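K.L.:
Sequence:
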Amino acid sequence: MPELPEVETVRRGLHELIIGRKVKAVEHDTPKGFPNAAADVEEFLIGAKITNVRRRAKVLLIDLSTDYTLVIHLKMTGQMVFVSHPSDLSSADLTPLERERTAREAEETIGGGDDGELRFGAGHPNESLVGELPDKSTRVTMTFEDGSHLYFNDQRKFGWMKLMPTLEVPNIDFMKKVGPEPLDAEFTAAEFAERFKRRPKTSIKAALLDQTVVAGVGNIYADESLWGAKIHPERLVNTISSEEFEKLYEELRAVMNLAIEKGGSTDKNYVNAEGKRGSYLTFARVFRREGKPCPRCGTTIIKFKAAGRGTHICPHCQVK
DNA sequence: CACTTGACCTGTCCGC
DNA sequence: TGCGGACAGGTCAAGT
13 MPELPEVETV
23 RRGLHELIIG
33 RKVKAVEHDT
43 PKGFPNAAAD
53 VEEFLIGAKI
63 TNVRRRAKVL
73 LIDLSTDYTL
83 VIHLKMTGQM
93 VFVSHPSDLS
103 SADLTPLERE
113 RTAREAEETI
123 GGGDDGELRF
133 GAGHPNESLV
143 GELPDKSTRV
153 TMTFEDGSHL
163 YFNDQRKFGW
173 MKLMPTLEVP
183 NIDFMKKVGP
193 EPLDAEFTAA
203 EFAERFKRRP
213 KTSIKAALLD
223 QTVVAGVGNI
233 YADESLWGAK
243 IHPERLVNTI
253 SSEEFEKLYE
263 ELRAVMNLAI
273 EKGGSTDKNY
283 VNAEGKRGSY
293 LTFARVFRRE
303 GKPCPRCGTT
313 IIKFKAAGRG
323 THICPHCQVK
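Residues are numbered in this note's numbering as their position in the first sequence, beginning at 1, plus a constant of 12.
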């Protein structure tokens, strides 16, 4: 589910919504979902104020005034949804800014179909995917002093949330191994190509999905960027030219920036911090578009399995 | 060591 | 309509 653009969208939403709020109570389900001793939660989470919301790769970091941090991985179906009042989930009372954004997205959506099909609804940004919370997928409920709530929902229970000292976060194995942020201004095309040399004999798609090469790429943006760069996903890394790496670098950044602008991709579960969908999939060129024409050449897009994942390509633009 | 596959879970969809 | 199997956006452990 959430890849870099989705987690970044959630981060931005939470940054707006929860900083400065003070935690009053926390309820959680299994030790797996929140594997901290109750004593830690009591001592370092209850009564703490949210001071910052950060992101590294696909990991969300909520910093607390106790110098502890909530480290959160949404994995496939995790959601972090803030609710100040139950009625917030209806779209009736949008702010003027939200209203403007919604109108603009709707306009772009109508004009955005490249196959003559009016695709509307599935990616409509104003559509709320969550109903009354908590629901049966809710695994952690955090209540703030002002009565508002932050819910961690996770249907498939792959996600997790951990409480740890802020200073220890960089020492987590994942943080030590994870590659650079692809959207960082200082991250160059040359460094991008260089990172792949650690996986010379694997497929380019498997390497893109490897978080130690570059951070934050998942199945959607791997397929989208490979289509953009006209590279077949099963080609081995050591057969990719430097020109192709440069193109892939540009495409990956472009596609992720566009996705962030569109509030991420919602296929089934993903929602932002307000419980609303992202609309990127309306603009996707190959992902989940098997059987439809390639926007570039009209050839029918096909789906198959590569690097153990559902993979979408244009068989004309992307050859082995 | 490098790389690939299966497991972790629940829900949904598709074919019989 | 019911049931079994395949599949789903991520990551890690175990296997080759």
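Bear in mind the hints are in silico, worked out from the structure with no lab data behind them.
One or more hints might be untrue.
Derived pair list, reagent style DSS-like, types lysine-lysine, alpha-carbon separation capped at 27 Å [said to hold, decoys possible]:
#1 61 - 242
#2 34 - 209
#3 36 - 209
#4 87 - 148
#5 332 - 213
#6 332 - 242
#7 332 - 280
#8 280 - 174
#9 189 - 174
#10 280 - 259
#11 332 - 315
#12 87 - 280
#13 242 - 209
#14 332 - 87
#15 87 - 169
Please read all numbers here as calculations on a predicted model, not as lab measurements.
K.L.:
Please write out, lowest number first, the hints stated earlier that are contradicted by the structure.
P.N.:
Per hint list: 1, 2, 3, 7, 10 and 14 violated.
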